[in-house]
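Asks: As a plain string of letters, each chain reads:
Protein chains: 2
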Amino acid sequence: MKESLPLQVEDGELALLTDLYQLTMTQAYWKEEMHEWATFSLFFRKMPPTRRFMLACGQQHAAELLSRLRFGDEALSRLADTGQFDQGFLDWLGNWRFEGDIWTLPEGTPVFANEPLLEVDAPIAQAQLLESLVMNLVQLETVLASKAVRLVLAAQGRPVVDFGMRRMHGVDAAVRGVRAYRSAGLAGTSNVLGGLRHDLAINGTMAHSYILAHDDETEAFRAFARHYPGTTLLVDTHDTLEGVRKVIEIMREEPEVDVKSIRLDSGDLGKLAKGARALLDEAGHDDITIVASSGLDEHKIAALLEDGAPIDAFGVGTQMGVAADAPVIDLSYKLVEYAGTPRVKHSPGKINLPCRKQLYRRQDESGRYIGDIIALRDEEIDAGEPLLRQLVQGGRLDEKAMALAEDARERVTDALDRFPESVRRLAEGESDYPVELSPELERLQSKT
Amino acid sequence: MKESLPLQVEDGELALLTDLYQLTMTQAYWKEEMHEWATFSLFFRKMPPTRRFMLACGQQHAAELLSRLRFGDEALSRLADTGQFDQGFLDWLGNWRFEGDIWTLPEGTPVFANEPLLEVDAPIAQAQLLESLVMNLVQLETVLASKAVRLVLAAQGRPVVDFGMRRMHGVDAAVRGVRAYRSAGLAGTSNVLGGLRHDLAINGTMAHSYILAHDDETEAFRAFARHYPGTTLLVDTHDTLEGVRKVIEIMREEPEVDVKSIRLDSGDLGKLAKGARALLDEAGHDDITIVASSGLDEHKIAALLEDGAPIDAFGVGTQMGVAADAPVIDLSYKLVEYAGTPRVKHSPGKINLPCRKQLYRRQDESGRYIGDIIALRDEEIDAGEPLLRQLVQGGRLDEKAMALAEDARERVTDALDRFPESVRRLAEGESDYPVELSPELERLQSKT
Chain R
1 MKESLPLQVE DGELALLTDL YQLTMTQAYW KEEMHEWATF SLFFRKMPPT RRFMLACGQQ
61 HAAELLSRLR FGDEALSRLA DTGQFDQGFL DWLGNWRFEG DIWTLPEGTP VFANEPLLEV
121 DAPIAQAQLL ESLVMNLVQL ETVLASKAVR LVLAAQGRPV VDFGMRRMHG VDAAVRGVRA
181 YRSAGLAGTS NVLGGLRHDL AINGTMAHSY ILAHDDETEA FRAFARHYPG TTLLVDTHDT
241 LEGVRKVIEI MREEPEVDVK SIRLDSGDLG KLAKGARALL DEAGHDDITI VASSGLDEHK
301 IAALLEDGAP IDAFGVGTQM GVAADAPVID LSYKLVEYAG TPRVKHSPGK INLPCRKQLY
361 RRQDESGRYI GDIIALRDEE IDAGEPLLRQ LVQGGRLDEK AMALAEDARE RVTDALDRFP
421 ESVRRLAEGE SDYPVELSPE LERLQSKT
Chain H
1 MKESLPLQVE DGELALLTDL YQLTMTQAYW KEEMHEWATF SLFFRKMPPT RRFMLACGQQ
61 HAAELLSRLR FGDEALSRLA DTGQFDQGFL DWLGNWRFEG DIWTLPEGTP VFANEPLLEV
121 DAPIAQAQLL ESLVMNLVQL ETVLASKAVR LVLAAQGRPV VDFGMRRMHG VDAAVRGVRA
181 YRSAGLAGTS NVLGGLRHDL AINGTMAHSY ILAHDDETEA FRAFARHYPG TTLLVDTHDT
241 LEGVRKVIEI MREEPEVDVK SIRLDSGDLG KLAKGARALL DEAGHDDITI VASSGLDEHK
301 IAALLEDGAP IDAFGVGTQM GVAADAPVID LSYKLVEYAG TPRVKHSPGK INLPCRKQLY
361 RRQDESGRYI GDIIALRDEE IDAGEPLLRQ LVQGGRLDEK AMALAEDARE RVTDALDRFP
421 ESVRRLAEGE SDYPVELSPE LERLQSKT
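Residue numbers (UniProt numbering), protein chains in the order written: chain R, 1 to 448; chain H, 1 to 448.
Keep in mind the hints are simulated off the structure, nothing from the lab.
Please read all numbers here as calculations on a predicted model, not as lab measurements.
Stretches of chain R that chain H covers, calculated by requiring three or more beta carbons in the stretch to come under 8 Å of a beta carbon on chain H: (1) 16-26; (2) 78-89; (3) 197-210; (4) 324-330.
We put the CB at the ideal spot given by N, CA and C, even for glycine.
Let the hints inform the model, and build the full structure from the sequences given.
Replies: This is how it looks when you write it as structure tokens:
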């Protein structure tokens, strides 16, 4: 029946969501009695060309999950079936608990290339085992939040609502994506389970099929508005401005009908919004708002507003749901220290920063960010508060530090205001925000 | 604790993975006593510019899940909390069972724009409720399989292995993606849970961190090869050809060491593969194969092979894991018939095909495909076997029809051979494969 319930990943199975080599390498460390502590650092080397910053999201969440990771009996017996693992090692895996430390940036921290999002210090066999899963978990939320925040910036304070559930990559992306959207500042989601689970307002309008299932549009509008006072009516099924006229006519005939908004979902949205606004205002309905959807992204929203389109809220799906212009980021989870010594892979043309690290974001007197410094973790630096916090210590989650995840949305809004405008700009190109290495890290890097 | 176990979607919760308007529209149908049967059709309007065909995958799987969909008590109580639903409706939802029919293409059917992948016939309140979930489920597998099959085509018979788990969008994408990869013809996956669950060979090599955790590369190679006879050694941590020389030296010193392959993961893969091949052959190791990975996609694989790179197998991750060049497809699930009459939204410039449909793929005498015909479901057409099969009848899954999912991989290979070369070509552009409407559908479409 496993094949029939493929959307469930039980707690004891989650540890198998990894690349085989993590398990074979871990068995090798176990056989070789390599128990020294290692540090792995999670970062990305290059900003996607369509991004000027990424929002680090999911890393606190991942740390929490990792601190609870277990190999269930069923998982161990499936591993035994592969024939690649000794019974002694499988017994050891059965008792496996993460006993190390995890440092993370708070959820919703804007980050740039080469900055650590998360670091793990643990016996190497523990730290290695987390690699594939931590990357999968952090990438999803980071990629989605980094796209969504651009929609929020483009809408200049107007609400942006997620309509993307049907376009997202599977069930987990759709549910956990809403957590990323909340951090990024979306006003709501159409996704019921995602919204319930991650505490984001759940919004909904109506679909063309509802209109088409009725014999005429006016009848459909009338019925829906009666069922749902304060609703949003979808006016473009046949002819958008005709649809608006029908809504106005219904309200004239039945003044008790309560319509809050109309939604435009096709055609020239800017032109139709202007036409609809004029009709509504003329009929005395300047309180009825206009929601637009249909293939929107940050550039289309910016262009509509630039052109003065009287749109009050945006519904976005396809482009945001998979972060279509940057659906993947080259996160790395690299060994940077083992047994107290720096370790770095030699990669021509690539920066690999050794050792345990810390990140600082310098501010001027008025609180504006003037540059980041990547430093060694224990280095003394006069650059304000360190950003990486210890979330898991000796395998135990620090609930107080975890609470920082709750404030992600406020953190994002506050942080974005403090960056230079070139970081917030939507157009392709790099910002002029400086990210530097500390003197100690600089010295160590040129040495290794 | 719900927020703490966010990777689980319980069976009774899955029905909440939908857009709010599906539930409000369904309640409206319930209130209005609209119980007539409707047909919804799942299709996409436009091929992504980087695709010449899509592989329809996940639709049988989705049909199976949908036929078992239930609203659990917890789900109903969460819905009640939203204040938008009457108790009578919630009771009705508690007894909700899908009682309609679902027709699908077999898993792994190549499809083109406007062709139905799946059709649902059911009382409208049942058919409407499935929309968002069926789109989410089918899109994931279709998008991933349609990318993966291009890698398989590019590799011209050489094995292609999925290394992408860490780059995929969350847990469900990573697990269910392997099902799509199996259908598309990948030879294996590094993803343990995905491979176990969806019966694809699980492969693994080693990571740079294993080399770096040892004091020297030779020592690391030696240890790993002893643990895993027949293994693949990663040779590029410091210097690729030096790494190959070390492998050769180890085998000279310890002839019992059994190395099956080496893996190249950085640099100029073509040049390094030639250099490595020459060194291995010179040392009498022409049986040791070369695996290449690192940012590969179908175009890079094709270019490497065109240039004669002696690479025997490919590991692919990032680009394939999110189908980066076409991460989303504009699937539509449209009402096409209600209460026995055709229903179509008027969309300037868009084709909307009314009514229940069937798809035919015409063959010439030698079995080559010469064109598709989209027809009405009950139309008499002399064009061979109909492709859509009834998988769910009166709410019950037909296990025999479901078994067709097992043969997806063979179906894909067989089908691709029968299409004209312009369908298989990797370069951007449209194929010349014709898709036509049947006479009846043509007439009905121009009428509506």
